[in-house]
Amino acid sequence: MRRVMIIDESRCVGCEACVLACKNENDVPAGMYRDWVTQEARGTFPELSLSIRSERCNHCQDAPCVTNCPTGASHYRGDGTVQINRALCTGCRACIAACPYGARFVHPDGYVDKCTLCAHRLDRGQGTACEEVCPTRAIAVGDADDPTSEVARRMRRASLYVLQPEAATRPNVAYVR
Amino acid sequence: MDPHVEIESTRSLAGALGATNWGWEIPVYLFLGGLVAGLLMAVCVVALVRGRERVTEGMRRGLLATPVLLSLGMGALFVDLTYKLHVWRFYTAFKAAAPMSWGSWILLAVYPVMALLVLAMPPAFLMGAWREGAGTLGRLTRWSEAHLRGLAMAGLAGGAALGVYTGVLLSATGAQPLWSSGALGALFLASGASAGVAALMLVEREHDAKELLSRADIGLIAAELVVVGLWLAALLTQGPAFRAAAGLVLWGEYAPVFVGFVLFGGLLLPAALEVLALKGRAAHSRAVPALVLLGGMLLRVVIVYAGQAVPLFPA
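Here the protein sequences come in this chain order: E and B. Following the working numbering, the residues of the first sequence are numbered contiguously, the last one being 179. Following the working numbering, the residues of the second sequence are numbered contiguously, the last one being 334.
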């Protein structure tokens, strides 16, 4: 099992429902976010294009945060996602310095926090909060090793890409255009 | 940034948080760690090469300062932690791939070495009858004196590990172009060694020892300049993010401090004054090592802050 999130950029309308759902579901403190929406305008008038992306921790397979964590607080779960064990976190923030995606923040209680890919919901057989609330079904979460899954179908598309491929982190979160 | 690409993050995490990840505590720790590394290495080299009788009173006082300075540095690290109650977690794990884990254990390992070296080579005001006593301290002192060579080698290795790791800590994070260089380990080692020698020059009173330290410092400054040159040349010959990072310290926001106080005031000027003093054209002034120490501190301030100002992968 390799849990992945594939986001269809062409479906995203930038409503930010994913951001609000995540904050509600995970009780994310005010002013902090586990996911966010980026708008990228490209080109020169009149040949312009706009892409909108819902971004978060990329749950990398070669995660610099896991490598640099001195206590083992940042670790890989059995399904391939990257999680933080709060009991082990010292708040040294080496993981924040190492993350190429700026996906982590310090929770007011002191530990480092980020997207868990709603591991607690996935364990109950539910989808992630952002996936379930997305009105255009731009977000899909599933098992990359299951060829019949929606994510596997999306991963076969030629337009599949990951953020910062030059960082060589092999993200489990990917996008299609 | 490519003029034809405009990125607007409506809910950018970096934008929402705004603050710098690592603040003043980290450069303070990196400086004190490097300084202790330099002091340890300098005193141990003198003990190994020239013998314990050539370890002067000033050097012994410098050695005595190492546990105090390292404790201050570790205090800064503790202040930096956002989950302070979990500080002991550093010592419930060892992760070979994490430089900070190496650093935690290196810090712990050098304390007993420093303590035993101080027992073997104490400054005059700590000499006393207790050294010959039958108590634990007396026995430890006699053991340390008998094993000074081994202790000095351990001190040299511990100092080198401490000095290198402070640079590797930054370069291993990989997400900041200014830090993304193997040269940082060598740079921080050379800078720490130079700071340690400079600190000894501040308290040294014997003329011959001053000359010896001065010669050593000129060599270390020369080595530091070479490594700085390699580090910046590597940045300038890579991609736009690396050039932007180099530009930040060479002609951008941090250039006045880096070029003025680190390169000129902290390296070139003191090296020139030390050469003049060795040729007898100027006196050995305490201002010279003070400039080296100030430059060493500012080097770490610039690298830590400027490093975080230019991300490798802009959001």
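Fair warning: there could be bad hints in the mix.
[Claimed, not checked] To spell it out: a stretch of chain E is covered by chain B in this simulated footprint if at least three of its residues, at any positions, have a beta carbon under 8 Å from a beta carbon of chain B; those stretches are:
(1) 107 to 115
(2) 121 to 131
[To be verified] Covered by chain E, per the in silico footprint, the following chain B stretches (three or more residues, Cβ under 8 Å):
(3) 104 to 115
(4) 119 to 131
(5) 190 to 201
[Said to hold, decoys possible] Sample of chain E residues facing chain B (criterion: CB under 7 Å; computed from the structure):
(6) GLN63
(7) PRO72
(8) HIS77
(9) GLY80
(10) ILE98
(11) PRO102
(12) PRO137
(13) ARG139
(14) ALA146
(15) PRO149
(16) THR150
(17) ALA176
Worth flagging that the hints you see were computed from the coordinates, not collected in a lab. We treat Cβ as the ideally placed atom computed from N, Cα and C, and that holds for glycine.
Ascending list of hint numbers which this structure does not respect: 2, 6, 8, 9, 12, 13, 14, 15, 16, 17
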